[in-house]
Amino acid sequence: MSDVANDLLIEVKNLEVRFPIRLKKLFRTELQELRAVDGVSFDIRRGETVGLVGESGSGKTTVGRAILRAIDPTAGEVTFHCCDRDVDLAELEGESLREFRKNMNMVFSEGSHSLATMTSDMLRAFRPRMNLVFQDPYSSLNPRMTVRDIIAEPLIASGMMKSRAKIDERVREIAARCKLNLEHLRRFPHAFSGGQRQRICIARALVTRPDFVVCDESVSALDVSIQAEIVNLLKDLQDEMGVAFLFIAHDLSVVAQMSHRVAVMYVGKFVEYAPTASLFFHPRHPYTHALLSAVPHADPDAAFDPIRLVGEIPNPLDVPSGCRFHTRCPFAVEACRRETPEWREIAADHFVSCHRADELDFSRPAGTASRAETPVKAQG
Amino acid sequence: MPDQRPGPSPYGAALRLLMEPAPNTAVTAVAKPPTATAPARATRPDTRRAPAETMLKVENLSISFRTDEGLITPVQGVGFEVQAGRTLGLVGESGSGKSVTTKALMKLLPGNAAIAPETRMHYTTKAGAEVRIDTLKPGSRAARQLRGGEIGMIFQEPMASFSPVYTIGNQMMEAIRLHKAVGRKDARAIAIEMLDRVGISNPSGRIDQYPHDLSGGMRQRAMIALALSAGPRLLIADEPTTALDVTIQAQVLELMRELQRDLGMGMIFITHDLGVIAQIADEIAVMYLGTIVERGPTREVIRDPKHPYTQGLLRAIPSLDHLQDRLTPVPGDIPSPTERPKGCPFHTRCAQALVGTCDRKPPEEVFPSRGHGVRCWLHDGNGRSVA
Ligand SMILES: Nc1ncnc2c1ncn2[C@@H]1O[C@H](COP(=O)(O)OP(=O)(O)O)[C@@H](O)[C@H]1O
Ligand SMILES: Nc1ncnc2c1ncn2[C@@H]1O[C@H](COP(=O)(O)OP(=O)(O)O)[C@@H](O)[C@H]1O
Ligand code: SF4
Ligand code: SF4
Ligand SMILES: [Mg+2]
Ligand SMILES: [Mg+2]
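Those protein sequence lines, which keep their order, are chains V and F. The UniProt record's numbering applies: residue 1 is where the first sequence begins, and numbers increase by one. The UniProt record's numbering applies: residue 1 is where the second sequence begins, and numbers increase by one.
It is possible that some hints are incorrect.
[What the hints assert, rightly or not] Stretches of chain V that chain F covers, calculated by requiring three or more beta carbons in the stretch to come under 8 Å of a beta carbon on chain F:
{"no.": "1", "stretch": "202-208"}
{"no.": "2", "stretch": "222-234"}
{"no.": "3", "stretch": "267-274"}
[Said to hold, decoys possible] Covered by chain F, according to a simulated footprint, are these stretches of chain V (three or more residues, beta-carbon under 8 Å):
{"no.": "4", "stretch": "253-259"}
{"no.": "5", "stretch": "278-291"}
No wet-lab data here; the hints were simulated from the structure. The structure displayed is predicted, hence computed values, not measured ones. Ideal Cβ placement from N, Cα and C applies to all residues, glycine included.
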């Protein structure tokens, strides 16, 4: 890759999302803040898949939705590098933002317009560049719409295409790429199997030819064989269209196959972010190590000796001081209780936040990484 | 820093009491023995040396449903055995008939279902009595006694087991007292011990909470405690860890192995995760479209799969040890239950299908090696590959 900086697509800096929570106490309700995402910084390159793993409740979905501006970040910056101008998505507001939410698409500027001041009419002229594939292919498809209309919806909602013939052409093109049977476009979603429905969801997310798509647990509910098909499909589409994915999943093996880089989240913070092979074969954070040890291998002779973490995942309303993993970390020392470890680059492209990362070596002996680490370059 | 949780410990006095056959004597003490020498962690029990005592034998199980599209038979000619103290892993894609099979064992099939007359389901109770499950009436007293007290069940969704309106303790105590003649106080003591055993901290406080007060992982463990509080001899676990995070899944798997070792329970563990199966099961049965296409000792089936479908499934799983460019799905789609293929059910997707044979006649089960059965025309009864 020639110039990495030019390949940056999304930069996230100190992203915070807090939810107001009403706690019912005996005679009053108390308002508290739940820090779902508590200062997350990372970037995503063009045509790259970034995997995001972590236990449920760690904040993965919230990160994805905040980047798409489907929910409001409380603080921080999300910059979308496009063509000749960078746009701060966190500054988008008012009518234009409502418009985005309605379409569940993220629209951004290609020219010299400032997104903060754009009217909805102007916005419609711009290309939807971000999208979301949901986890559940059953509930996310409107049962009363034909597959053709479901896939076409983002095109129409964004006003990006008006001519019916053009829309049909685009729908058929993306449906074919997603290996959907074109004869079936007039059918309703209930006639399709789980794997087929997920293809419909993917076609819909990609019909506007976005630069970035969030896949939130998109393959988690599928059987292994169908899961393998969808993973291959997403990789093919990425090669062909140069789209970048934020691939959220709690299944580490799928994330390993799918991603160029992987981030590990714990109670609202990233604890490690590294190229896939580094993260899986040379993890530096005790939590990453513990997660990996808990994955059962389909080999009856492979040692299965999961690291036992003491206690439960902390309540996000009551986050531990210092390193928030210290209540469960087998390597915690006194300093971990008091000082928050800084987020630092411990090796090229390998970020971690742990006081003891330099001394700890969790390298796994096995492992062949036959896959290229660099993502494909986007076309045009 | 080692685990600081007090359990798991070798007490289980109450648990063992539950496992005793009825009629039972009153509980006198459920006090914990000292926990100082708690065993480190459960290792895979070496059941191979233990004398295999068959507690469940299913032969020729076929289940049909009357539906709007006509009669479908999503389970056809299924046979398997479960031994005391051992785990049978049932794997297969969704819709392959795993849940329906176990519902037949529990007498929980819906009204539009029928079991074929040639079906035989033999079960041996705690007291050593032979029961023909296939002849039991679904709503009968005998069927109710079988459920819970003899055969316990845990599900993917814990709220399928719990009622939201009663406390966890009340529900556990009811289950205990349904199958054991103990007073409320003793039942409560057993329930607390059980919650402690499954790794729930502060069990004497948690026992009075409602199911929705617990986190997902804890609710799952509480459900295991509930199923075990009836002291079943056979536990059917239907995707119990599918919805859990890997860390909690690992805890639950470890817990189930420990409990099985301590209680000598037989287990049917349903999952579509071959990694989980490899770690928990002694034997595997692979289901495809309602038929067991391959079964045998876990190590053999995973190391040396004989059936093209088993081979395909194993190739399709992503590995943490090798980063690949592409995954290898089983080609084609699962046929719908109304369009079950003639002959070998897998022939529409099988790269090795023999035209004229596989699409005409269903293969009989043959045994390439002892205890390792396969239904595929590529294998003959002498363990040779035919093709
Ligand atoms: N709309 C919301 N209101 C209040 N709390 C929320 C909301 N959405 C998520 N949360 C909380 O934020 C935390 C992170 O949630 P989420 O991003 O969904 O985690 P994940 O996707 O990793 O499971 C959780 O504690 C969750 O309960
Ligand atoms: N109540 C029912 N009525 C009609 N058909 C049913 C019913 N329950 C299950 N089936 C059929 O049985 C098949 C197997 O279902 P199930 O045992 O739940 O599969 P699995 O647990 O392997 O995912 C389903 O594909 C469906 O066709
Ligand atoms: S900073 Fe301390 S507590 Fe946190 S992960 Fe590192 S060693 Fe463990
Ligand atoms: S019987 Fe024929 S179609 Fe079926 S698995 Fe064997 S070779 Fe394939
Ligand atoms: Mg989520
Ligand atoms: Mg099922």
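Consistency of the hints with the structure:
1. 202-208: violated (count 0)
2. 222-234: Since three or more residues must qualify, the claim that chain F covers the stretch 222-234 of chain V holds, with 9 doing so at under 8 Å.
3. 267-274: Per the Cβ count (0), the hint is violated.
4. 253-259: Holds, because 4 residues of the stretch 253-259 of chain V bring their Cβ atoms closer than 8 Å to Cβ atoms of chain F.
5. 278-291: As far as the stretch 278-291 of chain V goes, the hint holds, because 3 residues have Cβ atoms under 8 Å from chain F.
Figure legend: structure checked against the earlier numbered hints; hints not met, in rising order: 1 and 3.
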